[in-house]
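Peer 1: So the protein sequences, as listed, match chains A and B.
For the first sequence, position 347 (counting from the first letter as 1) is numbered 347 according to my numbering, and the numbering increases by one without interruption.
For the second sequence, position 123 (counting from the first letter as 1) is numbered 123 according to my numbering, and the numbering increases by one without interruption.
Don't read these hints as lab results, they were simulated from the structure.
Each hint should be verified, as a subset may be incorrect.
Which copy? The list can't say, so a pair holds if one copy fits it or any two copies do.
Said to hold, decoys possible - Computed cross-link-like contacts, SDA-like style, restricted to lysine to any residue with a CA-CA straight-line distance of at most 25 angstroms:
no. : residue 1 : residue 2
1   : K177      : S284
2   : K321      : E77
3   : K366      : I186
4   : K366      : E27
5   : K366      : T171
6   : K197      : T171
7   : K363      : D92
8   : K197      : S370
9   : K2        : R91
10  : K390      : R17
11  : K2        : C105
12  : K192      : L58
Each chain, letter by letter, is given below.
There are 2 protein chains.
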Amino acid sequence: MKPLPGFRDLFPEDFARRNYMVGKWREAARRYGFVEFDGPTLESAELYRKKNSGGEILGQLYEFIDKGERAVALRPEVTPTLARMITARHRDFPKPMRWFNVGTCFRYERQQRGRLREFLQFNCDLVGDASPAADAEVISLLIDLLRSFGLGPEDFAIRLSDRAAWHDFMTLHGVEKEKAGEFLTIVDRMEKMPPEKTEELLAPFGIASATLQEFIAHAEIPALAPLLADLEARGLREYVRPDLGVVRGLAYYTGVVFEAFALRAGLRAIAGGGRYDRLLADLSDGSADLPAVGFGIGDAVLLELLNECPTAKAQEVAALKADAPVQIYLVIADQTHRSNALFLAQQLRGEGWRVGFPLAQEKVGKQFGSAESLGASHAIVVGAEWPEVKVKRLSDRMEQELDHATLAVWLSEEEGRNLKLET
Amino acid sequence: MKPLPGFRDLFPEDFARRNYMVGKWREAARRYGFVEFDGPTLESAELYRKKNSGGEILGQLYEFIDKGERAVALRPEVTPTLARMITARHRDFPKPMRWFNVGTCFRYERQQRGRLREFLQFNCDLVGDASPAADAEVISLLIDLLRSFGLGPEDFAIRLSDRAAWHDFMTLHGVEKEKAGEFLTIVDRMEKMPPEKTEELLAPFGIASATLQEFIAHAEIPALAPLLADLEARGLREYVRPDLGVVRGLAYYTGVVFEAFALRAGLRAIAGGGRYDRLLADLSDGSADLPAVGFGIGDAVLLELLNECPTAKAQEVAALKADAPVQIYLVIADQTHRSNALFLAQQLRGEGWRVGFPLAQEKVGKQFGSAESLGASHAIVVGAEWPEVKVKRLSDRMEQELDHATLAVWLSEEEGRNLKLET
Chain A
1 MKPLPGFRDL FPEDFARRNY MVGKWREAAR RYGFVEFDGP TLESAELYRK
51 KNSGGEILGQ LYEFIDKGER AVALRPEVTP TLARMITARH RDFPKPMRWF
101 NVGTCFRYER QQRGRLREFL QFNCDLVGDA SPAADAEVIS LLIDLLRSFG
151 LGPEDFAIRL SDRAAWHDFM TLHGVEKEKA GEFLTIVDRM EKMPPEKTEE
201 LLAPFGIASA TLQEFIAHAE IPALAPLLAD LEARGLREYV RPDLGVVRGL
251 AYYTGVVFEA FALRAGLRAI AGGGRYDRLL ADLSDGSADL PAVGFGIGDA
301 VLLELLNECP TAKAQEVAAL KADAPVQIYL VIADQTHRSN ALFLAQQLRG
351 EGWRVGFPLA QEKVGKQFGS AESLGASHAI VVGAEWPEVK VKRLSDRMEQ
401 ELDHATLAVW LSEEEGRNLK LET
Chain B
1 MKPLPGFRDL FPEDFARRNY MVGKWREAAR RYGFVEFDGP TLESAELYRK
51 KNSGGEILGQ LYEFIDKGER AVALRPEVTP TLARMITARH RDFPKPMRWF
101 NVGTCFRYER QQRGRLREFL QFNCDLVGDA SPAADAEVIS LLIDLLRSFG
151 LGPEDFAIRL SDRAAWHDFM TLHGVEKEKA GEFLTIVDRM EKMPPEKTEE
201 LLAPFGIASA TLQEFIAHAE IPALAPLLAD LEARGLREYV RPDLGVVRGL
251 AYYTGVVFEA FALRAGLRAI AGGGRYDRLL ADLSDGSADL PAVGFGIGDA
301 VLLELLNECP TAKAQEVAAL KADAPVQIYL VIADQTHRSN ALFLAQQLRG
351 EGWRVGFPLA QEKVGKQFGS AESLGASHAI VVGAEWPEVK VKRLSDRMEQ
401 ELDHATLAVW LSEEEGRNLK LET
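The following block holds chain A by itself, in its conformation from the complex (with noise of 0.2 angstroms):
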């Protein structure tokens, strides 16, 4: 039996490299004093309903009648539980709020390469500021938390725009305000699409691809100045490039948008976000009136840039050999020690170290070869000789014999060579 069409497996080499993921983006957060928050997994389907950031996640909704006959759906985003317990209690945070989740998401998507159903969102909002210096913040940390994976300028960028601009645009070639969705959705679009494909869409419009691309090409946007300078003077500026050609796809954007974008294998948008002003809002009947900026970003999208970027695949391939399951492996040399070994190892792990040992009796050659296996960086022989035993650092086959007593202090002396528990 396989798992559900869509949905993944994760056996534990690549849980390893989702662990690894996840510990960055949490990191990352936590070093912009963001707090982590969750909600369920299961909502009322009505929350998605009320919202309809985009009509097309209501079509790929996981929504069914539970045995309470509750119409209930599985959350395809986090943003409208992320509204409602701000609705809920918004009061009780000083502003600004800046929280983050790391959350499951399902969304019933056509089968096709990278398109998962099940799959794992990190969200970054600040709210209740609606200042150029939140929106820095925010795009801040998209960009460190880039960085933390070893991606660097020539791996990604940061490109800017603002609704702003579009809604002038909008406003000077007379497209009507119920059109303004529809008309966005096409420049979002564009890029992907065959330039008649384009024309044909922006006809009912009366506007030519080309005033488009002339606006994107062209076009200033001096509200970006504020935010421009304050990423200059993080020393973050070259990360970022205005450009009007993003929109993003989400009605609910209000002011500034961004789109990290892969720069090596193929050009495209690897987390995007933006400023949302009225969402919260309009969720909550207006009893949670408060500004927001934030980002998301997917966990498939970002495991495969990793593997596209040659120094972040280098601190991933690292990262995950320090994390071996194992890294002190007691080798039991005379069985009639078992109870020493045992001993030890309780020690050893009341330390913080991870420590395996044999359950049966075996011959000491394979016990090594266990040990490699399982990434240790040290065997301790148990043998006769016990209260001594012999230490083996495994890269270099440097040999010592030491009291088991003192073996733990010996141990947290080599913690220098990176051996010692990370988590």
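We have chain A; now place chain B onto it with these hints.
Peer 2: Frame of chain A, contents of chain B only:
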């Protein structure tokens, strides 16, 4: 709008508790050489029908038909997924396999205090070794896990039993094989039922409850001797109590069964497990004929236990305090130096510190208030003295002037005060 009944919103303070707990779960498992896996949240409903580990779960399934006409279900437990994954790839892994999972599970339980419909479970399974040494590893892990929360022998005990002893009892008293499950369920619930009820349920078996009680009180369990000797060698014997009164509800256990039991307010099971040597073979139609032993523990019952035990609670409170959202707060005393503060913030974040600062112009007193309320240990005043800054330790109001370029070094010397990012 609220979450669905039986589902939880985890606001940041709730999430911090969960994070503390899950961190300890993972650390304990890793010290024993276990590696983490995960599977899909949604599986084919057939996977749970096939297993049928004890009728009750099937009646509580969140099941529905997806948009592709598949009968699917939210996982009520992770063991069937583990069995499916092991069946698919067990030949790729050396034995024994030590696997753990931290996963969300779903059961449509009747609404009552402490019963959740979405809950987090920690499962550890050692697969491919049928010896008491394997049982001892898993039980030691459970003990060490609970000890890592600051729980001691006055807070919990492990009650240890053996299904084999009960099978002997059933043979002796003529309980038919097909009735074994029903009989064991009665024994399992006996402690919580009025004696008349037990008597009534036992009547069809022709066994008096006094006979059962006599057996529980006086029978020896010689099969436990090697396991107990192993735990003795590890220094963990005091946590374990042989007790035939424990049988565990699930039908699939074949040998040792055990239960971690709370000893303070309200005696009750907080975790349970045992040996299941035939389950994997049954679920894989014989293709993965591997013995296994494991346990599971849920989040709600453990958090409740921590609340009851003073040492554990004090440890948790201290850990959460040390995990404050912000470690260093930059007080911007002079707005003309905002750019320098931004630069400094990025530099300190690059060193791994959790850094906060005001997004807008604020009075210095208010900024110190933010520093305190966010849990910062140090405030750094950036103002007219730049490139000098004033460092203020908030615990004792110690002040020092430093060149900002030497700040990173100065702060790393403060590490001994438990300030540095601990993730």
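Peer 1: Now tell me, hint by hint, if it's right for this structure.
Peer 2: We went through each hint and held it up to the structure:
In this homomeric assembly, K177 and S284 come within 25 angstroms of each other (Cα to Cα) only inside a single copy, at 23 angstroms, whereas the closest approach across copies is 59 angstroms. When the C-alpha separation of K321 and E77 is checked against a cutoff of 25 angstroms, the pair qualifies neither within a copy, at 33 angstroms, nor between copies, at 31 angstroms. In the homo-oligomer, the alpha carbons of K366 and I186 never lie at most 25 angstroms apart, since the shortest distance is 64 angstroms inside one protomer and 46 angstroms across protomers. For a Cα distance limit of 25 angstroms, the shortest separation of K366 from E27 qualifies neither inside one copy, at 39 angstroms, nor across copies, at 27 angstroms.
Taking identical chains as interchangeable, the C-alpha atoms of K366 and T171 are never at most 25 angstroms apart, the minima being 76 angstroms within one chain and 42 angstroms between chains. Proximity of K197 and T171 under a CA criterion of 25 angstroms is satisfied intra-copy only: 23 angstroms inside one chain copy versus 78 angstroms between copies. Within a single copy, K363 and D92 get their C-alpha atoms only as close as 63 angstroms, which misses the 25 angstroms cut-off; across copies the closest is 22 angstroms, which meets it. Taking identical chains as interchangeable, the C-alpha atoms of K197 and S370 are never at most 25 angstroms apart, the minima being 60 angstroms within one chain and 53 angstroms between chains.
Only between protomers do K2 and R91 lie at most 25 angstroms apart by alpha-carbon distance; the minimum there is 16 angstroms, versus 47 angstroms within a single protomer. Taking identical chains as interchangeable, the C-alpha atoms of K390 and R17 are never at most 25 angstroms apart, the minima being 34 angstroms within one chain and 42 angstroms between chains. Taking the closest pair of Cα atoms, K2 and C105 come within 25 angstroms of each other both inside a single copy (20 angstroms) and across two copies (19 angstroms). For the homomeric pair K192 and L58, the shortest alpha-carbon distance inside one copy (23 angstroms) is at most 25 angstroms, but the shortest distance between copies (47 angstroms) is not.
Of the hints listed earlier, those the structure fails to meet are numbers 2, 3, 4, 5, 8 and 10, in rising order.
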